[in-house]
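Number of protein chains: 2
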Amino acid sequence: MTVSAQDTRTGRVVALCGGIGGAKLALGLSKVITDERLIIAVNTGDDFDHLGLHISPDVDTVTYTLAGVANPETGWGRAEETWNFMKSLETLGGETWFQLGDKDLATHVERTRRLREGECLSTITEDFCKRLGIAVRILPMSEDPVRTHVDTSAGPMPFQNYFVERRCEPEIESIRFEGAESAGVQSDISMALKHPELRCVIVCPSNPYLSVDPMLAVGGMRQMLQGTDAPVVAVSPLVGGKAVKGPMDKVMSELGHTLSHATIADHYNGLIDGLVVDSADSQIPDRVAVAVENTMMHSLDDKMNLARTVLAFADEISARRPMQHERSA
Amino acid sequence: MTVSAQDTRTGRVVALCGGIGGAKLALGLSKVITDERLIIAVNTGDDFDHLGLHISPDVDTVTYTLAGVANPETGWGRAEETWNFMKSLETLGGETWFQLGDKDLATHVERTRRLREGECLSTITEDFCKRLGIAVRILPMSEDPVRTHVDTSAGPMPFQNYFVERRCEPEIESIRFEGAESAGVQSDISMALKHPELRCVIVCPSNPYLSVDPMLAVGGMRQMLQGTDAPVVAVSPLVGGKAVKGPMDKVMSELGHTLSHATIADHYNGLIDGLVVDSADSQIPDRVAVAVENTMMHSLDDKMNLARTVLAFADEISARRPMQHERSA
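Sequence order for the protein chains is A and B.
Residue numbering for the first sequence follows the working numbering, starting at 1 and increasing by one per position.
Residue numbering for the second sequence follows the working numbering, starting at 1 and increasing by one per position.
No lab work stands behind these hints: they were computed from the structure.
You may find that some hints are simply not true.
Claimed, not checked - Which residues of chain B face chain A? A few of them, derived with a C-beta cut under 8 Å, are:
hint, residue
1, 52
2, 79
3, 84
4, 85
5, 88
6, 94
7, 109
8, 110
9, 128
10, 161
11, 228
Where is the CB? At the ideal position from N, CA and C, for every residue including glycine.
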């Protein structure tokens, strides 16, 4: 589709974003939208307490990616990292299944300290972003604790134990988001979603079941997405019928889902107005408006191109719609 | 004085030990006494909470020194340390006046985690020692919090803020050990001090006012030292009328004390049976038994020689004494 090189539209864009895949599109969006018009709402269902520290893996992945300090090989953690803390921790008999680099550790120690002093996760995140030179707003989906737990063939366990410690080996039976119902959407995200000049909501190509669902489960989030006049557009995380990265293929199979864009469209049914699928794929779902683009984001250009496509697609959907007063008439 | 190369005496030795200077003699003692006969009781008045972590500077200095992983240049911290945590913390706007190396940090994070789970500081310290290959017992003076505070020309402040953040610049008016009276001596130290076969107590060449006094202030410690039949021998921390390291000269002057072995002997008056002073010094106090030895501990041999001298001196004092039943008769 035709995409303008420079984005001049007004109105805010809210991107719902998980970890590595989501962070790539978030980076692309941050390069094509004026800073103050973009809010990146990040999953905190993966957050956990480890070694007495509050770890926010997705928030950190997005922050490091946008700050240009992310490890380009792993997608998580920091570039040019050292591991002397971990090695010493191992000598002392500490838990080492979750890798914490020396640079990365500063984030967890300082965030934990500030949380204990009563600061909000969003305040701390925004302050870290400023200090790392990030101008767009990265916000945790909620200030309240939401914790993803999985019921598996090896029993119930917190997400990180399943994902990192057990390397996704147990078979998943169901996924729960503890605390989500009573949690509230972070207030600036909520205000942006309710704002009459909201331009669009973008669901990044993150794992729908493990990264996006916890966001949708937060009290009021689903209603806000259903209630907005702005278009909601998702990018399918599948390319060629497979996940680009992570355990999504295995999770989808175990939950009894076919690996297809149609499954993704069904999963977001009633929430999204459009789905962007990879240009290499021939099987296009027919139950939702579809845009086709390269969704494999290797280079920064790939990320910016996809960002422009998603925005243009959302704007097209918006343009085709009757005005709000006409619809409500 | 004549010192036997190999120590074959039975009975326990308890060494009261502060940071860097004390750790040197502790290392010497650990090399000349059978492991199970030595207990190193370490000052925790310098402990503090920083960045949400429990830091025990003296315990760590002694532990690292005996494990052979201490930084030989600074005396504190770990050898071949890296500082990526600190650099990242600075970027994030965290407090950086107290240097925490990447390797060192593992000690603080893991100790804090275990303390929060309800373990005793001594249990954690002993476990760390085992894992670092230390066979002698290093024990915090107390499981209870004792916090050294100084009243200065710049107002009252916690010890580390005076010592590290303010680089000992404010003039000291008085020193307080908050919590000391209601704190109890760590139980294994207490048992050793009360044991009828206690061989001797050694007061290491640590700062008497800032490192040894907090130990003496712990509820019951002074009484136990006064009540034991075993000799109590101190090593003067002064060499040539000066402190080998640290702010002792300045502190002693500000508190109105002359820098001399006699002042040290007076300070420990009623507690010690002997004082070891440096062989280069001519001014020898006459109010206490004195042994003369090189107390500048550069090499491991220096440390072991001084350890042997102190033990032989204590044994001599012991031999000159009437037996307990004779004295009490």
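If you test the structure against every hint from before, which numbers come out violated?
The structure conflicts with hints 2, 10, 11, although it agrees with all the remaining ones.
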